[in-house]
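*Asks:* Let the sequences and hints guide you as you build the complete structure.
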Amino acid sequence: MILSKSCEYAVRAAIYIALKTQQGEKTGIIAISEAIGSPTHFTGKILQALARKKVISSIKGPHGGFFIENPKDIYLVDIIKAIDGSGLFSSCVMGLKTCSDTKPCPMHEQIKPIRTQLLTEFSKKSVDELVKDFDKTGYFLR
1 MILSKSCEYA
11 VRAAIYIALK
21 TQQGEKTGII
31 AISEAIGSPT
41 HFTGKILQAL
51 ARKKVISSIK
61 GPHGGFFIEN
71 PKDIYLVDII
81 KAIDGSGLFS
91 SCVMGLKTCS
101 DTKPCPMHEQ
111 IKPIRTQLLT
121 EFSKKSVDEL
131 VKDFDKTGYF
141 LR
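Letter by letter, the sequence shown follows residues 1 to 142 in full-length UniProt numbering.
Hint data in this document are derived by calculation from the structure and do not stem from the laboratory.
Since we're looking at a predicted model, the values are computed, not measured.
Cβ atoms here follow ideal geometry from the backbone N, Cα and C, with glycine treated the same way.
Wrong hints could be hidden among the right ones.
[Unchecked claim] Derived SDA-like pairs: lysine to any residue, alpha-carbon spacing no greater than 25 Å straight-line: (1) Lys60 to His41; (2) Lys60 to Gly87; (3) Lys124 to Ser6; (4) Lys81 to Thr120; (5) Lys5 to Ile30; (6) Lys97 to Gly87; (7) Lys132 to Ser58; (8) Lys5 to Pro106; (9) Lys125 to Thr27; (10) Lys20 to Ser90; (11) Lys97 to Met107; (12) Lys72 to Lys112; (13) Lys53 to Phe67; (14) Lys45 to Lys112; (15) Lys5 to Lys112; (16) Lys26 to Asp78.
[Unchecked claim] Label-pair distances were calculated between CB atoms; the ranges are: (17) Lys72 to Thr102: 33 to 41 Å; (18) Leu96 to Lys72: 34 to 42 Å; (19) Pro104 to Pro62: 51 to 59 Å; (20) Asp133 to Glu69: 34 to 42 Å; (21) Thr120 to Lys54: 21 to 29 Å; (22) Thr102 to Thr40: 21 to 29 Å; (23) Ser6 to Ile30: 26 to 34 Å; (24) Thr102 to Arg52: 32 to 40 Å; (25) Leu96 to Glu129: 33 to 41 Å; (26) Ile30 to Ile114: 50 to 58 Å; (27) Leu119 to Lys54: 15 to 23 Å; (28) Gln22 to Gln110: 37 to 45 Å; (29) Leu96 to Ile30: 36 to 44 Å.
*Replies:* Written as structure tokens, this is what we have:
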């Protein structure tokens, strides 16, 4: 797909955490990694990155865990940028460092509108909407 494996897991983790938050629960790393089918250590690194970028929150201690304060204000683009950076929306598809609007690579003009559309769509979809969509479709996070 377009996103890295880490980013795919991050999106699924955010959805799972938001589901638990809606139920009034905080959730731990083991439950998250089991729910999304990711190794615990790998999930921990992903959750740290999401917490550093304020996508998710956590509380330590026996009644702690991960949660999302307001899933309506967290968008898919926030998760993508937290994990993969903004390269999907700005880097040259051919990997050229000098590619730009003024000095385009052979694919620049074809890819630019696609990047713009991806950024637009990923900026529209909130974690809250993703949770609602999962509820409708009955999909699992694994």
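*Asks:* The structure should be examined with respect to each hint, and the outcome stated for every one.
*Replies:* Structure-based check of each hint:
1. Lys60 to His41: holds, 17 Å
2. Lys60 to Gly87: At roughly 33 Å apart (the allowed maximum being 25 Å), Gly87 and Lys60 break the hint.
3. Lys124 to Ser6: Since the Cα atoms of Lys124 and Ser6 sit roughly 21 Å apart, the hinted pair holds (cutoff 25 Å).
4. Lys81 to Thr120: Given that 25 Å is the threshold and the Cα spacing comes to 14 Å, the pair holds.
5. Lys5 to Ile30: Holds, at about 18 Å.
6. Lys97 to Gly87: The given pair, whose Cα atoms are some 12 Å apart, holds under the 25 Å limit.
7. Lys132 to Ser58: holds, 23 Å
8. Lys5 to Pro106: Answer violated: Lys5 to Pro106 is near 28 Å, above 25 Å.
9. Lys125 to Thr27: holds, 23 Å
10. Lys20 to Ser90: With a Cα-Cα distance of about 34 Å, the restraint between Lys20 and Ser90 is violated, given a limit of 25 Å.
11. Lys97 to Met107: holds, 14 Å
12. Lys72 to Lys112: violated, 28 Å
13. Lys53 to Phe67: holds, 14 Å
14. Lys45 to Lys112: violated, 32 Å
15. Lys5 to Lys112: holds, 24 Å
16. Lys26 to Asp78: This hinted pair holds, its Cα atoms lying about 21 Å apart.
17. Lys72 to Thr102: 33 to 41 Å: holds, 39 Å
18. Leu96 to Lys72: 34 to 42 Å: The hint (34 to 42 Å, Cβ to Cβ) holds, given that Leu96 and Lys72 are roughly 39 Å apart.
19. Pro104 to Pro62: 51 to 59 Å: holds, 56 Å
20. Asp133 to Glu69: 34 to 42 Å: Once the Cβ atoms are compared, 20 Å apart, the range 34 to 42 Å for Glu69 and Asp133 is violated.
21. Thr120 to Lys54: 21 to 29 Å: Holds: the Cβ-Cβ distance is about 22 Å, inside 21 to 29 Å.
22. Thr102 to Thr40: 21 to 29 Å: violated, 47 Å
23. Ser6 to Ile30: 26 to 34 Å: With Cβ atoms ~18 Å apart, the hint is violated.
24. Thr102 to Arg52: 32 to 40 Å: holds, 34 Å
25. Leu96 to Glu129: 33 to 41 Å: Holds, since Leu96 and Glu129 (Cβ atoms, about 36 Å apart) stay within the stated range.
26. Ile30 to Ile114: 50 to 58 Å: violated, 38 Å
27. Leu119 to Lys54: 15 to 23 Å: holds, 20 Å
28. Gln22 to Gln110: 37 to 45 Å: Given range 37 to 45 Å: holds, Cβ gap about 41 Å.
29. Leu96 to Ile30: 36 to 44 Å: Hint holds: Cβ distance 43 Å, inside 36 to 44 Å.
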